[in-house]
Amino acid sequence: MAVLTEEQTMLRDGAQDWVTDRAPVSAFRKLRDSGAGTMDPALWKEIAEMGWAGIVVPEEHGGSDFGLTGMGLVLEEMGKQLVASPLFISGLVAATAFRQMGSAAQQGEWLPRIADGSAIVTLAVDEGNRHDTARTALTAEASGSGYVLNGTKTMVIDGMDADAMLVLARTSGAPGHSAGLTLLIVPTDAAGIERHGLATVDRRGHAKVTFSGVQVGPDAVLGEVGGAHAPLEKVLDVARVGLAAEMLGMCQQAFDTTLAYLKTRVQFNTILAQFQALQHRMADLFMEMQLVRSAVEHAVREIDAGGDGAEEAAILAKAMASDFANKMTRQMIQLHGGIGMTDQYDAGFYIKRSRLLEMTFGNAAQHCERWARMRGY
Amino acid sequence: MNVQDSQLSAFRAEAREWLDKNFPKSLAHRGDEYFDIAPRYPEGEDWAAWRKAMCSKGWGTPTWPTEYGGGGLTRQQTLILRDELEKIGGFIPLTGIAVSMFGPTLLEYGTAEQKQRHIPPICRGETIWCQGYSEPGAGSDLASLKTRAEDIGDNFLVNGQKIWTSGSMHAHWCFCLVRTDTSHKHEGISFLLIDMKSPGVEVRPITLISGKQSFAEVFFTDVKVPKENLVGGLREGWTIAKRLMQFEREGIGARRMTVGELRPLDEVAREYIGTDAEGRIADLDLRARIVRHQMWERAHRLTVARVADEAKTGPSEATSVLKNAASHALQTRGEMLTEIMGFQGIGWDGDDYTQTEKDSMKQMLQNKAHSIYGGTYEVQANIISKRILGMLDHQ
Ligand SMILES: Cc1cc2nc3c(=O)[nH]c(=O)nc-3n(C[C@H](O)[C@H](O)[C@H](O)COP(=O)(O)OP(=O)(O)OC[C@H]3O[C@@H](n4cnc5c(N)ncnc54)[C@H](O)[C@@H]3O)c2cc1C
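So the protein sequences, as listed, match chains A and B. The numbering of the first sequence is the UniProt record's numbering, which starts it at 1 and goes up by one. The numbering of the second sequence is the UniProt record's numbering, which starts it at 1 and goes up by one.
Read the hints as simulated data drawn from the structure, not as lab findings. Keep in mind that the hints are not guaranteed to be accurate.
[Claimed, not checked] Derived DSS-like pairs: lysine-lysine, alpha-carbon spacing no greater than 30 Å straight-line:
#1 A:Lys-263 with B:Lys-146
#2 B:Lys-212 with A:Lys-208
#3 B:Lys-57 with B:Lys-115
[To be verified] A short list of chain A residues far from chain B (calculated; beta carbon distances all over 12 Å):
#4 Ala-2
#5 Leu-4
#6 Glu-7
#7 Asp-17
#8 Ser-26
#9 Asn-129
#10 Ile-193
#11 Gly-223
#12 Pro-231
#13 Leu-259
#14 Met-289
#15 Glu-311
If you're wondering where the values come from, they're calculated on a predicted model, not measured in any experiment. We put the beta carbon where it would ideally sit given N, CA and C, even for glycine.
Please model the entire structure based on the sequences and the hints provided.
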């Protein structure tokens with residue numbers, strides 16, 4: 001674990017206490033069983049009141065400007081108990097997009113509302129079977145002084161709860177090209193938008209959103225028209241590191257729960273933890289988890305430092321965390337035996353959530369490809 | 001051609017003719033729909049007709065003796081029958097625990113009366129059996145089981161609890177390991193057949209992470225079981241239990257994926273991910289892993305065949321690896337399907353996903369059990385290292 005400042009330690013401890021007290025995985029189970037929705041608005045209110053939605057927002061816009069270092073700590077704690085909240089997509093991703101790509105006016109309009117939780121803003125980028133921004137086909141055609149949007153987005157995170165979306169649209173060029181992409185902020189209640197919730201395996205809030213002749217003004221555009229690809233990749237790298245932090249927390253909990261089980265479950269007149277085969281399995285998992293932690297903590301620092309190392313660090317963190325989360329959640333089930341296969345035990349929640357996070361904003365294979373390209377081989 | 005060869009080719013001709021007349025063409029290549037641990041057979045006239053035809057002929061259980069309703073075929077005849085079935089997309093319409101595990105065991109260890117009573121209904125596809133082995137405190141350490149069977153004259157009085165009992169919600173009968181002697185661990189176990197309709201039997205289904213309810217807890221409270229339902233002698237249950245587990249592992253070790261997306265992974269990947277200008281799957285890392293997986297599957301199939309071949313002259317040591325090799329193949333395939341289908345592969349419900357896509361996700365989750373039931377991956381590895389390789393524990 002990285003050496004933390006006093007403020008960071010307080011933030012992490014506060015997150016840990018709140019999560020275990022207010023939003024343990026049993027709370028998520030209740031939410032799922034009630035079928036009442038994909039997040040608990042009361043919890044979101046508490047999260048906002050504690051100021052976490054403003055962790056990456058500058059102080060002048062009502063945030064605390066603790067950076068990804070701070071947000072990573074909170075996401076990791078939330079990952080442990082699979083807390084369902086829009087903190088990641090609104091508080092980290094949308095806030096970062098406004099910070100890095102928005103005009104002063106856009107920042108002034110949106111960042112304070114993101115920071116105090118009164119607005120949930122999400123990102124609508126994906127269209128096909130897998131994450132690939134260059135393939136964007138949804139069009140934004142110039143019309144009057146603004147634009148008209150037509151097309152469909154999928155896997156919009158917390159899309160049903162969002163008040164606005166940052167939509168990646170094609171203003172020129174053809175799907176497959178990274179040039180000609182533009183990011184626009186669109187309120188979810190705009191005429192011509194149809195949303196419906198996707199029943200994904202993790203039972204969290206993902207939406208499919210259809211845009212039929214949705215009109216927006218010229219001030220909806222973030223950054224340059226046609227030039228969103230490169231700056232958005234930077235925002236997405238921040239998102240990927242946030243996901244890696246969440247996966248790290250999830251893995252840590254899966255590991256701890258498994259270890260505790262092996263220390264109590266008795267077979268052959270002894271606790272399972274006495275079997276060398278299992279000791280070595282856990283030692284290997286522990287080793288890999290340490291590597292993932294280093295990768296995540298490094299990426300968080302690189303992103304906050306804002307230097308050239310951020311891209312490589314983000315790739316490393318997302319790829320390694322995805323691979324390890326896949327393995328750790330499988331082993332969690334395997335090492336629990338029959339009980340791990342039952343819905344009443346939590347292992348199933350972890351594997352289901354993991355499979356989504358693994359592919360969100362690019363899976364391990366896609367990031368390995370990026371790594372190789374970045375190095376020119 | 002020698003006598004044996006000409007007899008076999010006569011059998012082949014006979015089988016072909018019979019199958020041609022009796023196999024409903026509408027069922028061609030649909031055998032996979034048939035497989036489940038607890039068989040609840042697909043409905044429809046053709047399905048029923050095919051089952052009836054094969055069962056009357058005894059070919060639902062081709063190698064079992066004709067006196068109990070089996071086909072009485074030799075190993076070679078059975079291979080020919082399977083071969084002819086495969087040619088027309090046919091399949092043997094009986095499956096499940098009774099056919100693959102319990103029947104063969106009872107044929108070896110049961111009395112004539114027990115066989116006469118239980119085997120014919122299995123051959124007719126009428127009875128469903130479940131396996132009452134595991135208990136909350138007895139999983140890998142199965143022999144520590146506690147369910148008691150007390151001698152009360154004409155009957156045993158059974159008290160205790162089983163868990164993870166697949167298909168017990170639909171089962172007519174349960175073959176159950178019970179403790180008849182508490183002073184010995186393995187030697188205190190007996191093998192008892194329990195009618196699931198007996199008073200005192202209670203079944204509570206358990207939901208799996210896949211959403212399926214394929215197993216349950218089974219509670220026995222003062223259940224009276226007639227003494228004639230004891231298989232083998234008192235306290236001989238462990239030997240029988242182990243023999244049955246051999247049949248179980250052989251079956252599991254040869255099993256293929258039968259639910260969800262069944263096409264080869266490369267075909268699925270071409271559809272979901274697309275190809276580059278040279279026709280290669282447009283994800284080189286995935287492409288290489290698909291190759292490795294296909295090679296593993298191929299080599300596993302070859303090992304299944306080699307084991308069957310070597311078994312003619314005695315037990316093959318490769319038998320011990322089949323189950324773990326199969327788990328690896330099945331689970332890798334499940335994970336890769338999820339990855340390939342991507343955002344379409346993580347659906348649980350609703351019209352945004354095809355049935356095949358949803359089934360594939362659920363199957364990926366369900367098949368995590370493949371390395372748990374029938375002896376876990378680790379227990380199999382212990383068997384390989386200790387019994388086959390002679391690597392004994394440090395004393
Ligand atoms: C879908 C499904 C269907 C099933 N159907 C049936 C059924 O029909 N009838 C029935 O009787 N049972 C059934 N089972 C139960 C199954 O046989 C047991 O789950 C299995 O034997 C493991 O026991 P356990 O769950 O108690 O795990 P445990 O024995 O507690 O094992 C937990 C973990 O410890 C490991 N472990 C245990 N001992 C050792 C050791 N000595 N060395 C190294 N590692 C070890 C295991 O491999 C496992 O990873 C089913 C299980 C599942 C999941």
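**Q.** Assertion that Glu-311 (chain A) lies outside the chain B interface [Cβ separation over 12 Å]
**A.** The claim stands: Glu-311 (chain A) keeps its Cβ more than 12 Å from every Cβ of chain B (closest is about 19 Å).
Please confirm whether Ser-26 (chain A) is truly not at the interface, meaning its C-beta sits more than 12 Å away from all C-beta atoms of chain B.
holds, 17 Å
Given the hinted pair Lys-263 (chain A) and Lys-146 (chain B), is their Cα-Cα distance within 30 Å? Between Lys-263 (chain A) and Lys-146 (chain B) the Cα gap is close to 22 Å, so the pair holds against 30 Å.
- Task: Confirm or reject the statement that Asp-17 (chain A) sits farther than 12 Å, beta carbon to beta carbon, from all of chain B.
- Result: At about 30 Å from chain B, Asp-17 (chain A) clears the 12 Å cut-off, so the statement holds.
* To do: Please confirm whether Gly-223 (chain A) is truly not at the interface, meaning its C-beta sits more than 12 Å away from all C-beta atoms of chain B.
  => holds, 26 Å
**Asked** With d taken as the least Cβ-Cβ distance between Asn-129 (chain A) and chain B, does d exceed 12 Å?
**Response** Incorrect as stated: the minimum Cβ-Cβ distance to chain B is 4 Å, not above 12 Å.
| message | If we take the beta carbon of Pro-231 (chain A), is the closest beta carbon in chain B still more than 12 Å away? | response | Holds: least Cβ distance 24 Å, greater than 12 Å.
Worksheet item: Is Ala-2 (chain A) truly not at the interface, in the sense that its beta carbon sits beyond 12 Å from all beta carbons of chain B?
Response: holds, 30 Å
- Item | Minimum Cβ distance from Leu-4 (chain A) to chain B greater than 12 Å, as the annotation requires | holds, 34 Å
Would you mind confirming whether the straight-line C-alpha gap from Lys-212 (chain B) to Lys-208 (chain A) stays at or under 30 Å? holds, 27 Å
**Q.** Given as non-interface: Met-289 (chain A), partner chain B, CB spacing beyond 12 Å
**A.** holds, 20 Å
field: Glu-7 (chain A) remote from chain B - nearest C-beta pair above 12 Å
entry: holds, 37 Å
The structure is inconsistent with hint 9 alone, although it conforms to all the rest.
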